[in-house]
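Protein chains in written order, with my numbering: chain A, 1 to 473; chain B, 1 to 307; chain C, 1 to 197.
Hints in this document: simulated from the structure, not taken from any laboratory. Don't take each hint at face value.
Derived DSSO-like pairs: lysine-lysine, alpha-carbon spacing no greater than 30 Å straight-line [claimed, not checked]:
(1) B:58 x C:71
(2) C:130 x C:187
(3) C:34 x A:176
Partial chain B-side listing against chain A, Cβ under 8 Å, derived [what the hints assert, rightly or not]:
(4) 108
(5) 109
(6) 132
(7) 173
(8) 176
(9) 196
(10) 245
(11) 246
(12) 276
Keep in mind the model is a prediction, meaning the values are calculated, not measured. For each residue, glycine too, the CB sits at the ideal point set by N, CA and C.
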Amino acid sequence: MEAVKPVVDFEDRLEERAFSPLSHISAKYALLVAVLLVFIGLGVYAYQTQFREGLVVTGMRDRISWGLYVTMFVFFIGISMAGTLISAILRIAHAEWRLPITRMAEFVTVAALVIAPVFILLDMGQPTRLSNLFIFGRWQSPLTWDVFGLTTYLIGSAIYLYLALIPDLALCRDSKRLKSHPLKWLFKAFAVEWRGTHSQHHRLARTLGIFMIVIIPVAVSMHTVTSWIFAMTLREPWDSTMYAAYFVGGALYSGVGVLIILMAVLRKAFHLEEYFKLQHFKNLGYMLAAFSLIVMFFNVSEYVTEGFKLKGDMHLYLERMFVGPLAPYYWTYALSGMVLPALLVAIPATRRSIGFIVLAALLANIGMWIERYLIVVGGLSLPLQPYHPAIYSPTWVEWSLMAAGIAGFILLITLIVKIVPAVAVWEMLEHRKPKPVEEPVEELEQTRQPGLRVKLGSPFPEKPTPPVDGGRK
Amino acid sequence: MPENNDGTTRPALSRRTFLKLAGAGVLGLTVAGQGLRILTARAESRTEATTAPIGKGKRLRRWSAVIDLRRCDGCQSAGTAPQCAEACIRGRFLPEPMQWIEVYEHELPGGGTRFMPTPCMQCQNPPCVNVCPVAATWSTPEGIVLIDQRRCIGCRLCMAACPYERRFFLWGDPPLPPEAALVDYSPVHQIGAPKGTVMKCDFCTDMTSSGRLPYCAQACPNNAIYFGDLEEDLATNGRNVVMLSSFLSNNGAFRSKEDLGTKPRVYYIPGQGQDVGRSPFTKGLKPVEWPWDKTTEGAKTWKRSSR
Amino acid sequence: MKGTIYRMLLLLCLALLAAWPVSAVFADSPAPAKLDLTAPSSGSVGDRLSLKALVSSATGEPMPGVVVVFKVSTSFMNTEDSVELGRATTDKQGVAAMTYVPHSSGDLSISASLSGDVKPAVKSASSVVKILEGPQQYDSEQIGVSVPGLGPWFLAVVMGGIWFVFLWAMAQLRQIFRDGQHSAAQKRTSRLENRHV
């Protein structure tokens with residue numbers, strides 16, 4: 001047993017911080033997993049009941065035939081935008097402050113995309129016939145588009161996450177700190193013989209470069225087809241050509257929100273204060289505010305055009321939403337879910353505190369959850385025949401399964417941050433390395449980059465660069 | 001030819017590679033063949049006609065219904081709940097909140113109300129069929145939208161898509177009379193559909209194919225429901241036969257929510273029951289009743305909305 | 001004021017009295033007494049059949065302005081009835097004509113009768129037309145817009161392109177793996193060489 005050397009330089013400290021969560025499990029962590037498992041167990045019990053009795057145990061009925069499950073599906077699909085946005089878009093934009101947070105954003109995407117289809121399964125009356133979607137799938141159906149989109153997006157995001165993970169897996173494999181880690185074989189297997197050679201670097205950079213360009217339209221199409229599940233029907237509140245854009249905007253908004261929350265949690269839990277700085281929260285906060293303005297713009301555009309014409313039964317819908325029984329939901333969403341987060345970021349006094357930015361993100365996500373609920377349940381509650389609007393009240397089965405879904409999402413992230421490092425160590429190391437002089441080809445390529453370089457303030461301390469081999473021999 | 005390490009030549013296609021390729025090829029062909037089989041099987045089962053063609057020719061029936069609102073008083077004069085809905089419930093063993101044909105009370109421009117019996121509109125551009133992910137609901141060549149509850153996955157996208165709210169979900173195991181067990185399941189009558197699937201009016205395809213009128217048309221005491229064939233251009237309410245095209249044109253027929261472009265096959269002749277002596281100001285309907293015993297073992301009944 | 005109204009009423013009565021003989025003159029004019037129906041003896045479904053009814057008086061004069069009802073007796077869904085095909089008014093030659101496009105096959109019994117309560121009653125005329133079954137669907141509705149060249153293949157190409165990139169990325173991983181193996185092997189060899197030297 002060799003004594004742990006005192007942490008001295010940036011590189012060593014980074015490795016220590018990033019790898020220490022992998023090497024031990026604290027009591028708090030175990031407790032969190034246990035609590036999450038309790039929630040999931042409750043969900044399993046609730047689902048057993050639902051499976052035995054049918055969907056009659058839910059609050060859904062013929063008039064409001066979708067409820068919390070579909071709301072949660074849309075919500076998780078929305079959250080899944082985080083990874084693509086932060087890692088792909090910011091990577092394309094060469095925003096260097098993204099480096100410590102890309103990995104987490106990709107976790108969020110993959111975890112959300114694993115949980116989202118579960119809610120479709122929960123919502124199905126005949127879940128054992130899931131295979132019919134593949135055997136008899138009609139390519140004309142919006143739900144089939146969603147199946148295509150979700151599979152493609154999930155697998156694409158997983159590949160993307162994995163590609164950017166390879167050098168870190170190799171670091172884990174080679175690290176002295178993780179010498180006796182039980183998952184060492186896993187690191188070795190998945191590090192695909194990464195030795196950090198020039199050709200490997202070049203190949204990985206090229207693959208990532210092409211992949212991030214492909215993954216962005218895939219992500220946009222995912223949110224588009226999710227909105228089309230609603231927009232392809234003839235129900236007046238859903239019958240909107242701007243639904244796809246609205247969903248993409250909402251997804252960006254809630255995705256950034258979840259990322260801010262996760263960043264704050266991991267910062268505390270894994271002591272990553274050096275890497276997740278106020279500047280990161282501020283930058284993501286600016287994005288949050290910008291997306292909240294976009295969502296506000298969509299709200300105004302949607303309801304002013306609908307409200308001006310009052311086509312069909314829209315007067316009843318708008319009345320219910322703005323002053324009627326749905327008004328508490330709508331105004332909570334509008335004021336505390338859209339306006340307040342933007343204000344919290346816009347006001348310098350609150351912007352300077354990480355707590356307020358996290359609060360803004362939390363409010364944004366609660367608001368967006370309400371917005372999805374309003375879309376699904378509010379849209380269905382508009383009667384299509386002459387009768388009084390129906391009421392939907394979810395039962396304990398639905399609440400339990402919703403809690404279980406959220407718990408499952410948190411659990412996935414909790415597990416994944418224990419298996420692989422939560423920050424992209426290699427990318428941050430590389431960023432600090434001086435540009436190698438002996439590689440003029442790389443230099444040429446760097447100079448050929450289009451003027452996309454956006455630098456929103458580098459979070460790294462301007463320290464003298466450490467030696468290239470970092471004392472790691 | 002490539003050389004081995006020891007300098008000897010080896011065939012360009014080694015046995016190992018060949019076996020691998022052959023295996024992949026066989027697998028690929030099997031998968032492709034299976035896929036093709038499924039696709040073609042679907043095409044066959046979904047283009048089948050449910051009714052014999054007209055006469056001895058090849059012309060297919062184009063079922064449609066005309067509901068003469070001038071003759072519909074919501075069964076106020078008979079003093080009962082709407083007979084069309086009740087006959088449908090009894091004939092198809094519908095569980096409690098389902099009314100495949102439901103009489104809605106609409107406001108009239110001059111005050112008062114009229115009754116509109118509303119079955120499935122059997123749209124020719126059916127939103128429900130368009131959105132179904134597994135082709136569990138489809139349009140027959142005769143223009144009837146049917147549901148195969150053996151294939152339905154219960155996603156309820158069709159219910160969200162239907163602008164007439166004419167689709168119903170089996171939220172639980174419905175209470176069924178014992179005689180329902182004697183019927184073999186078929187999409188043309190839907191008796192015996194499992195829980196977790198969608199049901200709706202099927203225009204009594206099993207009866208019309210043998211020349212009988214659907215339950216609703218048979219039961220209407222005022223003969224307000226005509227059932228007809230756009231191809232033979234005839235319709236009947238069980239008492240009279242009319243020429244469908246001129247009957248529609250001469251009486252200013254309309255279709256429900258026509259501007260949606262769903263092209264329904266159910267037509268309405270405007271009116272409020274005046275031909276059977278109803279005043280538009282006689283409001284109210286008697287509620288429909290379901291005769292099934294709610295205590296059937298294992299049955300879980302439900303209401304319209306959760307409260 | 002009252003006087004004016006009484007005077008007007010009186011005038012009205014006088015006018016009615018004066019008109020009486022005129023209507024009597026109409027009554028005396030020849031009444032429709034005979035109805036003849038001309039129809040083709042055969043046709044097939046979808047043909048345009050011309051039905052003509054000649055209305056004449058007892059003396060054989062053509063009767064203009066008389067409404068004739070055309071009917072066909074039929075059986076549909078086990079209900080038998082006489083179905084009205086249409087109505088037509090006779091012209092100056094006393095001929096009421098309509099075009100009938102049969103949608104049913106068989107021996108159709110088409111009849112013509114006068115509309116309303118005509119006194120004395122005029123016997124209706126009938127004729128049997130043999131209609132053969134037609135091959136084509138008469139009622140057909142075109143649903144959807146077909147854009148030439150656009151179809152599921154487009155979706156397949158887009159999806160295929162994306163999945164190709166996924167597979168390509170996997171292939172790149174294989175290359176990275178090989179590069180790594182290669183460099184490891186090189187290092188081993190150089191180390192071995194070093195040791196030998």
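* If you take the shortest Cβ to Cβ gap from residue 246 (chain B) to chain A, is it below 8 Å? -> 30 Å, violated
* Can residue 109 (chain B) be said to touch chain A, with a Cβ gap under 8 Å? -> 14 Å, violated
* Satisfaction of the residue 108 (chain B) interface hint, Cβ to chain A closer than 8 Å -> Residue 108 (chain B) check fails; min Cβ-Cβ to chain A is 12 Å, beyond 8 Å.
* Measuring from the C-beta of residue 176 (chain B) to each C-beta in chain A, is the shortest one below 8 Å? -> 14 Å, violated
* Straight-line Cα separation of residue 58 (chain B) and residue 71 (chain C) no greater than 30 Å? -> Satisfied, since the Cα-Cα distance of roughly 26 Å is no more than 30 Å.
* Between residue 34 (chain C) and residue 176 (chain A), is the straight-line Cα distance small enough, at 30 Å or below? -> 117 Å, violated
* May I ask you to test the interface hint for residue 276 (chain B) with respect to chain A, counting a Cβ-Cβ separation under 8 Å as satisfied? => Since the shortest Cβ distance to chain A is 21 Å, the answer is violated.
* Return the status of the interface hint for residue 173 (chain B): holds when the least beta-carbon distance to chain A is below 8 Å, violated otherwise. => Where the cut-off is 8 Å and the nearest Cβ of chain A is about 6 Å from residue 173 (chain B), the hint holds.
* When the least beta-carbon distance from residue 245 (chain B) to chain A is tested against 8 Å, hint result -> This interface hint is violated because 28 Å lies over the 8 Å limit.
* To do: Let me know if the C-beta of residue 132 (chain B) comes in closer than 8 Å to any C-beta of chain A, holds or violated.
  => Hint holds; residue 132 (chain B) Cβ to chain A Cβ min 6 Å, cut 8 Å.
* **residue 196 (chain B) as chain A interface residue, shortest Cβ-Cβ below 8 Å** => 3 Å, holds
* To do: Below or equal to 30 Å on CA atoms is what counts here, so check residue 130 (chain C) against residue 187 (chain C).
  => Distance ~98 Å between residue 130 (chain C) and residue 187 (chain C) Cα, so the pair is violated.
When the structure is compared with the earlier hints, violations turn up for hints 2, 3, 4, 5, 8, 10, 11 and 12 and for no others.
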